[in-house]
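Just so you know, the sequences run in chain order A and B. Numbers 1 to 197, taken from the numbering used here, label the letters of the first sequence in order. Numbers 1 to 477, taken from the numbering used here, label the letters of the second sequence in order.
These are calculated hints, taken from the structure and not from any lab test. Using N, Cα and C, we set each Cβ at its ideal position, and we do this for glycine too. One thing to keep in mind: the hints can contain errors.
[As the list claims (entries may be wrong)] Beyond 12 angstroms from chain A on every Cβ pair, some chain B residues (computed): (1) Asp-74; (2) Phe-101; (3) Ser-214; (4) Arg-217; (5) Ala-242; (6) Ala-274; (7) Asp-282; (8) Glu-291; (9) Ala-293; (10) Gly-335; (11) Ser-337; (12) Gln-340; (13) Arg-364; (14) Arg-393; (15) Gln-394; (16) Asp-401.
[Stated by the list, open to error] Keeping only pairs whose Cα atoms sit at most 30 angstroms apart, straight-line, the calculated BS3-like set for lysine-lysine is: (17) A:Lys-184 with B:Lys-169; (18) B:Lys-169 with A:Lys-158; (19) B:Lys-172 with B:Lys-246; (20) A:Lys-40 with A:Lys-90; (21) B:Lys-252 with A:Lys-184; (22) A:Lys-128 with A:Lys-40; (23) B:Lys-271 with A:Lys-184; (24) B:Lys-10 with B:Lys-169; (25) A:Lys-184 with B:Lys-259; (26) A:Lys-90 with B:Lys-329; (27) B:Lys-329 with A:Lys-128; (28) B:Lys-181 with B:Lys-271.
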Amino acid sequence: MDKVDIVEGSAYPLGVKNVDTDMIIAAKWLKTISRAGLGKGAFEAMRQDPDNVFDDPAYAGSPILIAGDNFGCGSSREHAAWALNDMGVKSVIAPSFSDIFSGNAFKNGILTVVLPQEAIDRLMEVAKTDPIHIDLDTQSVTTPFQDRFTFEIDPFRKSCLMGGLDEIGLTLADADAIGAYEAKVSTDRPWVSAAVA
Amino acid sequence: MTKPRTLYEKIWDAHVIERRDDGTCLIYIDRHIIHEVTSPQAFEGLRLAGRTVRRPDLTLAVPDHNLPTTARVDPQGKRLPIADAESAEQLAALERNVAEFGIPYIGATDAAQGIVHVVGPEQGFTLPGTTLVCGDSHTAAHGALGALAFGIGTSEVEHVFATQTLLLKQSKTMEVRIDGKLGYGVTPKDVVLEIIGRTGTAGGTGHVIEYRGSTFRDMSIEGRLTVANMAIEGGARSGLFAPDEKTFAYLKGRPMAPKGADWEAAVAWWKSLATDEGAVFDKTLIIDAAEIAPNVTWGTSPEDVVSITGLVPDPDSFADASKRAAAEKALEYMGLSKGQRMQDVSVEHIFIGSCTNSRIEDLRAAASVIEGRHIAGTIKQALVVPGSGLVKRQAEEEGLDRIFTEAGFEWREPGCSACLGMNPDKVPSGERCASTSNRNFMGRQGPGARTHLVSPAMAAAAAVTGRLADVRELMGR
Ligand code: SF4
Numbered sequence: 001m002d003k004v005d006i007v008e009g010s011a012y013p014l015g016v017k018n019v020d021t022d023m024i025i026a027a028k029w030l031k032t033i034s035r036a037g038l039g040k041g042a043f044e045a046m047r048q049d050p051d052n053v054f055d056d057p058a059y060a061g062s063p064i065l066i067a068g069d070n071f072g073c074g075s076s077r078e079h080a081a082w083a084l085n086d087m088g089v090k091s092v093i094a095p096s097f098s099d100i101f102s103g104n105a106f107k108n109g110i111l112t113v114v115l116p117q118e119a120i121d122r123l124m125e126v127a128k129t130d131p132i133h134i135d136l137d138t139q140s141v142t143t144p145f146q147d148r149f150t151f152e153i154d155p156f157r158k159s160c161l162m163g164g165l166d167e168i169g170l171t172l173a174d175a176d177a178i179g180a181y182e183a184k185v186s187t188d189r190p191w192v193s194a195a196v197a
Numbered sequence: 001m002t003k004p005r006t007l008y009e010k011i012w013d014a015h016v017i018e019r020r021d022d023g024t025c026l027i028y029i030d031r032h033i034i035h036e037v038t039s040p041q042a043f044e045g046l047r048l049a050g051r052t053v054r055r056p057d058l059t060l061a062v063p064d065h066n067l068p069t070t071a072r073v074d075p076q077g078k079r080l081p082i083a084d085a086e087s088a089e090q091l092a093a094l095e096r097n098v099a100e101f102g103i104p105y106i107g108a109t110d111a112a113q114g115i116v117h118v119v120g121p122e123q124g125f126t127l128p129g130t131t132l133v134c135g136d137s138h139t140a141a142h143g144a145l146g147a148l149a150f151g152i153g154t155s156e157v158e159h160v161f162a163t164q165t166l167l168l169k170q171s172k173t174m175e176v177r178i179d180g181k182l183g184y185g186v187t188p189k190d191v192v193l194e195i196i197g198r199t200g201t202a203g204g205t206g207h208v209i210e211y212r213g214s215t216f217r218d219m220s221i222e223g224r225l226t227v228a229n230m231a232i233e234g235g236a237r238s239g240l241f242a243p244d245e246k247t248f249a250y251l252k253g254r255p256m257a258p259k260g261a262d263w264e265a266a267v268a269w270w271k272s273l274a275t276d277e278g279a280v281f282d283k284t285l286i287i288d289a290a291e292i293a294p295n296v297t298w299g300t301s302p303e304d305v306v307s308i309t310g311l312v313p314d315p316d317s318f319a320d321a322s323k324r325a326a327a328e329k330a331l332e333y334m335g336l337s338k339g340q341r342m343q344d345v346s347v348e349h350i351f352i353g354s355c356t357n358s359r360i361e362d363l364r365a366a367a368s369v370i371e372g373r374h375i376a377g378t379i380k381q382a383l384v385v386p387g388s389g390l391v392k393r394q395a396e397e398e399g400l401d402r403i404f405t406e407a408g409f410e411w412r413e414p415g416c417s418a419c420l421g422m423n424p425d426k427v428p429s430g431e432r433c434a435s436t437s438n439r440n441f442m443g444r445q446g447p448g449a450r451t452h453l454v455s456p457a458m459a460a461a462a463a464v465t466g467r468l469a470d471v472r473e474l475m476g477r
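The task is simple: from the sequences and hints, build the whole structure.
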């Protein structure tokens, strides 16, 4: 996984609430068996609107997306995170995220930043003309106009993102503890595994 | 004395392998169901890293999402190819992967094949007190049997493959308490739509719901599956029902359920899981069963719920500005205007199926409305898609297939079908469908498709009248 520490640049001022994963990547794009190439299908329905932010040359290739409440709700499809990755989005800022989406985003090296609506409103303004700077180390979002908003992030996620760490590798280092748990369950509740044959 | 715990807390505690300082826990996963759509990249990841599946014996693979629901074998029993090349490739990839990693597989032409969330309970793969995951958000359904079940993304699928664990933080708890008897024509689907209508789609975010009260105790396992299935639509990752005698009766003798002495030991443990007297929930929602009417959705979010006797809402009636804007957009997309009577809304498509409502009770409920009637002349397509091959066979034994086909329905092979616009079953743009599925998002049933979520009985009522109709009137009440 790529390391994430600073994300800086223009931002898509989307602002829309309840952007579900079908809107991020529609079901017809889910037939792929690989992770790459989904950017071209991202936000397809919204792109029908000629004034959409994604096709506005001012924001082309933005590493940041600013959205409304409950971003990433709906289906658990990780394709949503892959699509954002493929279009070059490294961070999404919103007042809230669906649990599944923020987990998927994290696992794909996308930083989800939760800020209050007032901060979002301000960043939407700034994004129309100027870049936005996100610093994961100091957990802050700043603009060229002295705005500074700090955000909370789970310390484990933060260290994984900053170190570019592979979660599976980390867990496999605990294989002994997993084995010990399995051994205990096979005595206490043998039916948990005996049943499946 | 130990602190009283909820059902969720007991299951959680029994699965913690390690607790980190920041509260993240390494949780053991007892059951993992996979399908063709969200697994290929996880297998790809394993292969790239030279890893294997730790416990193939705790894993079960079933294809469902993009299998066509038309005949899968020709009259000679020869397997028919899938026309769509990408769908065919996804299925082929699943078949290669389960063979390579030794994962039990209920294949496309197996008599027991069906939607993952129908097959798991039906096979007894889903058990109370287990942790169960699947790369599909409606995995919450398995909570009907008292399994802590939730949807995961593909990276997590890969994590479970390699380690049989997940790194999670404990959720908060939410009690949804409904007491009393449901009114005539009011079904579990109406109950869950009512809940989501009240909490909104984010009302349960960060929480695991436990459904409590006499209404839920009286509900069949199939009804509970419908309710828990849509926990995620209210933002909760999981919904749980305490395992009880109904649960045990449902599971006993299922192919993968424990047998003999194991069964006795399992039941004893399952009984100990019920929420303790005095346990505290972080949040509570109380509804009186008598207040619930047959419900329909009017918009493009499952929270856009109104009773069938109600009207399309006025966007201006929402206090919240973004909600107002969303309602306006939804009405435009849905082709509805404020103040319109829901019962005057005509539909051209009927979909009875999906993991929410494709079990035998659902088909019986719909068939009881359809029997002796015919679908309206204005209906362009009416589909009944049983949730599994076993449901299909049972329905055929009961003659339900004939009731449907004589009424003008198409009787299909099991799969996700028109629940999501991914396989050939779609609703054309601008056309309207009364659907027993769980999501009415824009484009969910195909680009531009307009979806109204309803119960199977209500879908049947819409089929025979050609509009969203109050099933109670059709049934003479
Ligand atoms: S029927 Fe629909 S909701 Fe259920 S598993 Fe299939 S696609 Fe998902």
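Structure versus earlier hints, numbers of those that do not hold, lowest first: Per hint list: zero violations.
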